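**Q** Sequence:
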Amino acid sequence: MIFTCTIFTVHSQNNKTMVDSITAPIPGKGKITIQEDAGITNLIGKINTSGASAKSASTTVVKRGYRIQIYSGSQKQTAKDEAYARERKFKSRFPEYSTYISFNSPFWKLRVGDFTDRNEAEDALNEIKKGCPEYSNDLYIVLDNVKVAE
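Our numbering numbers the first residue of the sequence shown as 8 and each following residue consecutively.
What the hints contain is simulated information worked out from the structure, not anything from laboratory work.
You can trust all of the hints, since none of them are fake.
Taking CB as the label site, the calculated pair distances span:
id, residue 1, residue 2, range
1, N144, P113, 12 to 22 Å
2, Y147, S99, 16 to 26 Å
3, P102, K38, 41 to 51 Å
4, E157, P113, 31 to 41 Å
5, F114, E141, 15 to 25 Å
6, S99, P34, 54 to 64 Å
7, Y91, N152, 18 to 28 Å
8, P34, K154, 42 to 52 Å
9, K98, A156, 16 to 26 Å
10, P32, R125, 47 to 57 Å
11, P32, D145, 54 to 64 Å
12, N144, K98, 15 to 25 Å
13, N144, S105, 20 to 30 Å
Here the structure is a predicted model, which is why all the values come from computation and not from measurement.
Yeah, the Cβ is synthetic: ideal placement off N, Cα and C, and Gly gets one too.
From just these sequences and the hints, can you work out the full model?
**A** As structure tokens, then:
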């Protein structure tokens, strides 16, 4: 038997989860028991009780856009450590930007931001060049799949 589970995360004013709602006893209807790790319950999210529809809740979609590449290295001994070190340094200066470290053999890459248009990415690139001048020669805008609020 195969079960398909669609999970919707919506904002809530209380702490009642979807699992709590499903497992709440209903007289004359039987009882549902769900056994799962607490981490699963946290991933499922909270029930929207604020009166707003789930459709109006903010969702994230992935679409084609731009990121700023801060690092790309292929040195087997040091590239991974360098990518994570630059991420820590970057986040301390620019906590508002999302960071993404990836490995596509043999390259470790650090990219930042989720920009839907190139002008937005160029503005951020100039800001980052001022805040991290030591990375100026390594910074450039790349096409990537980005996460944007819908």
